[in-house]
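Next come the chains, spelled out residue by residue.
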Amino acid sequence: MTNRLERAGRELVDTIDVEPTALNVLQQRAHRRRLLRVGVTAVTTVAVILGAVAIAGAVGSGSSKPAVIHPVPLIPTTTDGTVLVPNVLGLSDKDAIARLEQLGFQAKVFFEANDVDRGFTVVRQTPAAGQSAARGTVITLTVATRVGTPSTIITPLHLGDADNGHTVQARVGQEIDINLDSTYWQFDTTLNRAIVDYSSGGVTVVTTPGCVPGGGCGTITGHFIARAVGTAVISASRTSCGEALACAPAQSHWSVTIHVTAPPTLEPPPTLPEPTTTIMP
Amino acid sequence: MRASIEFEAFYLREHARLVASLTALSGDRDAAREATDEAFVRALERWKRVAAMESPAGWTYRVALNALRRTKRRAAMERRVAPPPAMGSQTMPDAELWDVVRALPERQRQAVALRYVADLTEADIATAMRISRGSVASTLFDARARLAEVLGEPELVEEL
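Chains as they are written, first to last, in our numbering: chain A, 1 to 281; chain B, 1 to 160.
A couple of the hints might just be wrong.
[What the hints assert, rightly or not] Just the calculated beta-carbon pair ranges, DEER-fashion:
1) S132(B) / L35(A): 35 to 45 Å
2) L151(B) / A262(A): 53 to 63 Å
3) R135(A) / N66(B): 36 to 46 Å
4) G160(A) / A52(B): 41 to 51 Å
5) T15(A) / V150(B): 50 to 60 Å
6) A51(B) / S255(A): 23 to 33 Å
7) R133(B) / R7(A): 21 to 31 Å
8) T239(A) / N66(B): 50 to 60 Å
[What the hints assert, rightly or not] Here are some chain A residues the structure puts well away from chain B; computed CB gaps all over 10 Å:
9) A8
10) E101
11) A248
These aren't lab readings, by the way, just hints derived from the structure by calculation. Where a beta carbon is used, it is the ideal one built from N, C-alpha and C, also for glycine.
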């Protein structure tokens, strides 16, 4: 009986077709309850980023003093030095890749149209969570999109101060990271979020210690994602260009126009063509 | 942040096995998953204390077993109103065995699931079920004997 029970038990674990609950979902639930316990009732958004990023809140004294974000690598290792593959199901593609890279894995991403409205979240991963794998192992992710054509990974588009006034092409599903010097920038709310929206990365502000007057005290990074075909303008404004230093009009506004086109039509995997982005000044 | 690493490793190791164990017990994957998630959320809320326990897995399984019992009680009440969905062990490997396991007395049923599906040690099972290690061994013995009898494999009782 022992043998049959052991075999049946193992088979049951192997065949139990339950998508593991994403760790961050559990963390959010635990975090919400902790907040409720200490009497904070107005819990709306809880940002627990997979235990991977510690947010040291630098609470402002007056104006908008930004928080400093320190990424801390957390690596669950096994005794033989391999790493346990994390569960990234349900995460955004960006968060999933960040998590995997943090643990020393590489990520390969396939996008697939999915009727279920789980846009831009990981719906499958190979190897599965909980298996141990050597560092450098390629983890294949399938990310659901809400658009028709399957495509492969599209690298993020990186834009900065120098792109002010440009028109840029992006593809549906492509991440757009905008990095502006000076923490006084604020992204405008006029963005057409049906076309280009904030991705789960949101806006991060990083201060650098020992800032030089006129030289900036850090950077602000907006993480966006192209959602649908169309055109959107991402713009940012600032009124101060340093401590008590008003901006000249030319320095107070920044914008780029994003033309979003359909994702590339590709042959199915395994060949991964290089993504292309065209910048038209 | 050490605690987060430990919790993640623990979660990766135990989550699927706990779902499988509770599925074996209840025949209901959704309920199993709900109870499992609840147990992990509770473990995470007080992870420092749980991690310091002799058997973090045993504690988490105990919470999950309690959560499953509550879920089933609620489901039983709802069933009086609406019939249950057609769901069960047909899709499980060796369904015959699990059907018989589910017919065992509760204590034996739990011990079997924790030992053979969750692959817990007797010490962890003792913590999970709040019984002594000696009771775990005798409960498992009784369960195997009963299963062998029902399934017509009496010769295997001798293996003990």
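Quick rundown of the hints versus the structure:
Our hint of 35 to 45 Å for S132(B) and L35(A) holds, since their Cβ atoms are close to 39 Å apart. Hint check: L151(B) to A262(A), Cβ distance near 59 Å, so the stated range 53 to 63 Å holds. Between R135(A) and N66(B) the CB atoms are about 39 Å apart, so this pair conforms to the stated range of 36 to 46 Å. At about 48 Å, the beta-carbon gap between G160(A) and A52(B) stays in the expected band of 41 to 51 Å.
Take T15(A) and V150(B): their Cβ atoms lie about 23 Å apart, and the range 50 to 60 Å is violated. A hinted range of 23 to 33 Å is violated for the C-beta pair A51(B) and S255(A), which are about 50 Å apart. For R133(B) paired with R7(A), a C-beta distance near 25 Å keeps the hint of 21 to 31 Å intact. Take T239(A) and N66(B): their Cβ atoms lie about 57 Å apart, and the range 50 to 60 Å holds.
A8(A), annotated as away from the interface, has a beta carbon of chain B within 10 Å; the closest lies near 4 Å. The claim that E101(A) is not at the interface with chain B holds, since no C-beta of that chain comes within 10 Å of its own (minimum 16 Å). With a cut of 10 Å on Cβ distances, A248(A) stays outside the contact zone with chain B, its closest approach being about 44 Å.
Hints 5, 6 and 9 from the list above are not met by this structure, while the remaining hints are.
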